[in-house]
Amino acid sequence: MLKLEHVSYQVTEEGQALSILNDVSLTIEDNRFIVITGPNGGGKTTLAKIIMGLVTPTSGSIFYNGTDITHLGITERAKLGISYGFQQPPRFKGLRVRDLLELAAGNTKLPREACCQYLTRVGLCADDYVDREVDASLSGGEVKRIEIATILARQSGLLIFDEPEAGIDLWSFSRLIETFQSIRQQRNVTLLIISHQERIISLADEILLVADGEIRHRGPKEEIFPLIMADTVSGCCYMNEGAHK
Amino acid sequence: MNQIDETLLAQIADLHGTPEGAYNIRKDSALAGRSNTKNITIETKADQSGIDIHIRPDTKYEVVHIPVIITQSGIEELVYNDFFIGENCDVSIIAGCGIHNDGHNRSQHDGIHTFHIGKNSHVRYSEKHYGQGNGGGEKIMNPQTILYLEEGASVQLDTVQIRGVDSTKRYTKVVVAKNGEAILTERLLTHGNQTAVSEMDVFLDGEGASARIISRSVAQDHSEQTFYPRMIGNAPSFGHVQCDSILMGDAKIRSIPAITANHTDAQLIHEAAIGRIAGDQITKLMTLGLTAEEAEERILSGFLK
Ligand SMILES: Nc1ncnc2c1ncn2[C@@H]1O[C@H](COP(=O)(O)OP(=O)(O)OP(=O)(O)O)[C@@H](O)[C@H]1O
Ligand SMILES: [Mg+2]
Chain A
543 MLKLEHVSYQ VTEEGQALSI LNDVSLTIED NRFIVITGPN GGGKTTLAKI
593 IMGLVTPTSG SIFYNGTDIT HLGITERAKL GISYGFQQPP RFKGLRVRDL
643 LELAAGNTKL PREACCQYLT RVGLCADDYV DREVDASLSG GEVKRIEIAT
693 ILARQSGLLI FDEPEAGIDL WSFSRLIETF QSIRQQRNVT LLIISHQERI
743 ISLADEILLV ADGEIRHRGP KEEIFPLIMA DTVSGCCYMN EGAHK
Chain B
2 MNQIDETLLA QIADLHGTPE GAYNIRKDSA LAGRSNTKNI TIETKADQSG
52 IDIHIRPDTK YEVVHIPVII TQSGIEELVY NDFFIGENCD VSIIAGCGIH
102 NDGHNRSQHD GIHTFHIGKN SHVRYSEKHY GQGNGGGEKI MNPQTILYLE
152 EGASVQLDTV QIRGVDSTKR YTKVVVAKNG EAILTERLLT HGNQTAVSEM
202 DVFLDGEGAS ARIISRSVAQ DHSEQTFYPR MIGNAPSFGH VQCDSILMGD
252 AKIRSIPAIT ANHTDAQLIH EAAIGRIAGD QITKLMTLGL TAEEAEERIL
302 SGFLK
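Chains as they are written, first to last, in our numbering: chain A, 543 to 787; chain B, 2 to 306.
It should be emphasised that the hints constitute simulated quantities derived from the structure, not laboratory data. Be a bit skeptical, because a hint or two may be false.
To be verified - In the PhoX-like style, the derived pairs of lysine-lysine whose C-alpha atoms are separated by at most 20 Å in a straight line are:
no., chain 1, residue 1, chain 2, residue 2
1, A, K545, A, K621
2, B, K28, A, K651
3, B, K28, B, K129
4, B, K174, B, K120
5, B, K170, B, K61
6, A, K635, B, K28
As the list claims (entries may be wrong) - Derived CB-CB ranges, DEER-like:
no., chain 1, residue 1, chain 2, residue 2, range
7, A, D669, B, G193, 38 to 46 Å
8, B, G193, A, H613, 34 to 42 Å
9, A, S601, B, K170, 40 to 48 Å
10, A, S561, B, I215, 31 to 39 Å
11, A, D673, B, Y62, 52 to 60 Å
Glycine included, every Cβ here is placed at the ideal spot set by N, Cα and C.
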């Protein structure tokens, strides 16, 4: 179980305090499939990074399976079974796809067959990629799918994906949806997916709508979808004016 | 052969015991072992320090080991090794120098290797430099590698210096003839107060000649590195220079490349980058369960692989 209690995150920019996340409290039971959505800049990535330990909250506490992880580092959280697929994954000169998969799997040798399976699950033809370096020669969509494959290779209880659909072609996207569906059916890990994609949102047990650093709404998709539609138009007065012209 | 000798040989040449095939082992400025084969003859030079290596035409898949080790503090030597490789050969030459210096005097090996590679021959040449020992004495290596390729000849040159060498000045010159190819890979890691300078001149002299320089280096602590990769296209040819460096601590790296086209059909490309390890690379690996130190190490070892 993942639990956030009164988590806030503020930064100081040009002497001004800026609130990025504002008193977020949240409980996610095990083996759920949760999608976080909401407008750009709403605080979704920041929330995910706070869970993974990439960002330290200004106040509040985080618990994972009963352990207070608020002051644990990234490595320790990873070892406890939290994984995070970056929205914009870095590239590595000199590390091959296979190397990343093996590191993800716990720094053990993986048979080629196993590497291939992870890659296939994100729609990559394994033979073309296993031995390629994860450097600038790969396209954005390729790097993104390799990132997702590394998260699949981790044997962890909480998988966080940050916009897994971004930059991915239609064919790979369908493959990815199948992969998420099958993970969902097995019901043995918790999935926390940040997404703007209707097909991913519709897989969710529950949707969290994050905007302006707060959890605006939480509920099943039938309930949240209409709210999203309403929010997108009313959020900005300039857009409203435009809509009425 | 003692423990230190064995460690050095393992480090520089992956050698465990006596190599198979042709070899020449030089230890503390003297001959410590030699073997010739039907096709490969190694002879001590008459007029100066060093050896001549003759490889008969059509020699295929043979390996020559010519390691040099220095275990006594205070040895300074200048050695000439000349290779004469016939036509249609396919051979590997494994050189390297290991210095163990427990004393206070400087140990220095300057090796000048000249290769004459015959028509349509393919040569892989690897050279590893390694230093160890806890004395205050400096470990210095100044290698020069000069390669003349005849028509259709190709060479793959791999040089590696990972830790332990206080000062190095390296010069590499390659002349590539018609349809020849040269691939030069250089990997270097300096630390402490070490300095390294690497100069390369690659001449693309014949039609269809091609060359690549791939340089990867890591400079740590207060070490300094300077690179002068130069590619000169004198014919319809293709050349690519690619230099990547990682800076750490208070290290300094300078890269001064030059590509010169003396022919309108010479196509030359240069790419270079110097920078720190990106923070998101470290954090990414940490999210896979590595500590920050392990992540850094993994990134460096991949980079220099
Ligand atoms: N360290 C920081 N300094 C200043 N502003 C920050 C910092 N980190 C995040 N922000 C701001 O906080 C807001 C939330 O960012 P975040 O990346 O969490 O949004 P998001 O919901 O993931 O958006 P998107 O849908 O575009 O990915 C943005 O306005 C961002 O510019
Ligand atoms: Mg985001």
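Index of numbered hints that the structure contradicts, given in increasing order: As far as the earlier hints go, 2, 5, 6, 9, 10, 11 are violated by this structure, in ascending order.
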